[in-house]
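So the sequence lines, in the order shown, correspond to chains A and B. Quick note on my numbering: the first sequence kicks off at 1 and runs consecutively. Quick note on my numbering: the second sequence kicks off at 1 and runs consecutively.
Please note that a few of the clues may not be correct.
Claimed, not checked - Pulled a few chain B residues facing chain A out of the computed Cβ check, cut under 8 Å:
1) 43
2) 45
3) 104
Unchecked claim - Derived DMTMM-like pairs (lysine to aspartate or glutamate); straight-line CA-CA distance at most 20 Å:
4) 70(A) / 99(B)
5) 56(A) / 101(B)
6) 26(A) / 44(B)
7) 26(A) / 99(B)
8) 56(A) / 99(B)
What the hints assert, rightly or not - Residues of chain A clear of chain B, computed beta-carbon distances all greater than 12 Å:
9) 11
10) 15
11) 41
12) 60
13) 67
14) 77
15) 94
16) 111
To be clear, the hints were calculated from the coordinates, so they are not data collected in a lab. Values in this document were obtained by computation on a predicted structure and should not be read as measured data. Using N, Cα and C, we set each Cβ at its ideal position, and we do this for glycine too.
Take a look at the letters that make up each chain.
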Amino acid sequence: SQQGEEDPQALSIQEGENATMNCSYKTSINNLQWYRQNSGRGLVHLILIRSNEREKHSGRLRVTLDTSKKSSSLLITASRAADTASYFCASYYNQGGKLIFGQGTELSVKP
Amino acid sequence: GAGVSQSPSNKVTEKGKDVELRCDPISGHTALYWYRQSLGQGLEFLIYFQGNSAPDKSGLPSDRFSAERTGGSVSTLTIQRTQQEDSAVYLCASSADRDNEQFFGPGTRLTVL
Chain A
1 SQQGEEDPQA LSIQEGENAT MNCSYKTSIN NLQWYRQNSG RGLVHLILIR SNEREKHSGR
61 LRVTLDTSKK SSSLLITASR AADTASYFCA SYYNQGGKLI FGQGTELSVK P
Chain B
1 GAGVSQSPSN KVTEKGKDVE LRCDPISGHT ALYWYRQSLG QGLEFLIYFQ GNSAPDKSGL
61 PSDRFSAERT GGSVSTLTIQ RTQQEDSAVY LCASSADRDN EQFFGPGTRL TVL
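The shape of chain A in the complex, shown without the other chains (with noise of 0.2 Å):
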């Protein structure tokens, strides 16, 4: 199987902590993107980093991409209860034509 895989499973912080996910995936990728899901419905997409980019910022989340390592991390500082939810990495290799996704990280954020 292609599909990558996160960790941890599930993460519970308290509000204003830093949240960190990690994602690993198989084969050469293109680019990978993270994803956020509310209410097990339609995902939102929060970042999209290239495979010649190392890191990319966009307001409090912060994604780095290690190739060497064929991993990646997303890293929400200042939490707030209103993150709470499920973040998936999808990954889209070179070949194939479409995006993997991994099993997800379940974030609760505690007021």
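Please arrange chain B on chain A, whose structure you already have, making use of the hints.
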């Protein structure tokens, strides 16, 4: 502009019946994807349409599943002779190009009794 829409939002059917799920992608998006998500699980890729190219059907779990995309826009996912294990949320997404961010619809929750 409107986002990706899906209908129905919920569908309850009896085992053995056929169902059709509809997806209206964002206008102008050339790529359209169908995924399935079981409770508490990740997204399972089903099928992918890109422009006028032949669709990538590699994720369809059985020959009971099929999908069409008419006129490069609306797509219909058909499940024939539904089984209880088909119960899941079916998500559709579109993107402007195949490696761009995907915009997801709200999903159709299918329950097979």
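Now the hints, each set against the structure:
1. For residue 43(B), the interface hint holds, since its Cβ comes within 8 Å of a Cβ in chain A; the closest pair sits about 4 Å apart.
2. For residue 45(B), the suggested interface contact is upheld, since its CB lies about 6 Å from the closest CB of chain A, less than 8 Å.
3. Contact between residue 104(B) and chain A, as hinted, is supported at the beta carbon level, the nearest pair being about 4 Å apart and thus within 8 Å.
4. Taking the CA atoms of residue 70(A) and residue 99(B), the gap is near 18 Å; set against the 20 Å cutoff, the hint holds.
5. Between residue 56(A) and residue 101(B) the CA atoms are separated by roughly 15 Å; this keeps the pair inside 20 Å, and the hint holds.
6. Note on residue 26(A) and residue 44(B): the hinted pairing holds, with a Cα-Cα distance of about 16 Å set against a maximum of 20 Å.
7. Only pairs whose Cα atoms come within 20 Å are accepted, and residue 26(A) paired with residue 99(B) is accepted, the gap being roughly 17 Å.
8. Taking the CA atoms of residue 56(A) and residue 99(B), the gap is near 17 Å; set against the 20 Å cutoff, the hint holds.
9. Every CB of chain B is more than 12 Å from the CB of residue 11(A) (nearest about 15 Å), matching its label as outside the interface.
10. Non-interface status of residue 15(A) relative to chain B is upheld: no Cβ of that chain comes within 12 Å, the nearest being about 24 Å off.
11. Under the 12 Å C-beta cut-off, the non-interface status given to residue 41(A) relative to chain B is violated; the minimum distance is some 5 Å.
12. Taking the minimum C-beta to C-beta distance to chain B, about 19 Å, the non-interface status of residue 60(A) holds against the 12 Å cut.
13. For residue 67(A), the condition that its CB be more than 12 Å from all CB atoms of chain B holds, with the nearest at approximately 16 Å.
14. Interface exclusion of residue 77(A) from chain B stands, the closest Cβ pair being 22 Å apart, more than 12 Å.
15. Under the 12 Å C-beta cut-off, the non-interface status given to residue 94(A) relative to chain B is violated; the minimum distance is some 9 Å.
16. Every Cβ of chain B is farther than 12 Å from the Cβ of residue 111(A); the closest lies at roughly 24 Å, confirming the non-interface assignment.
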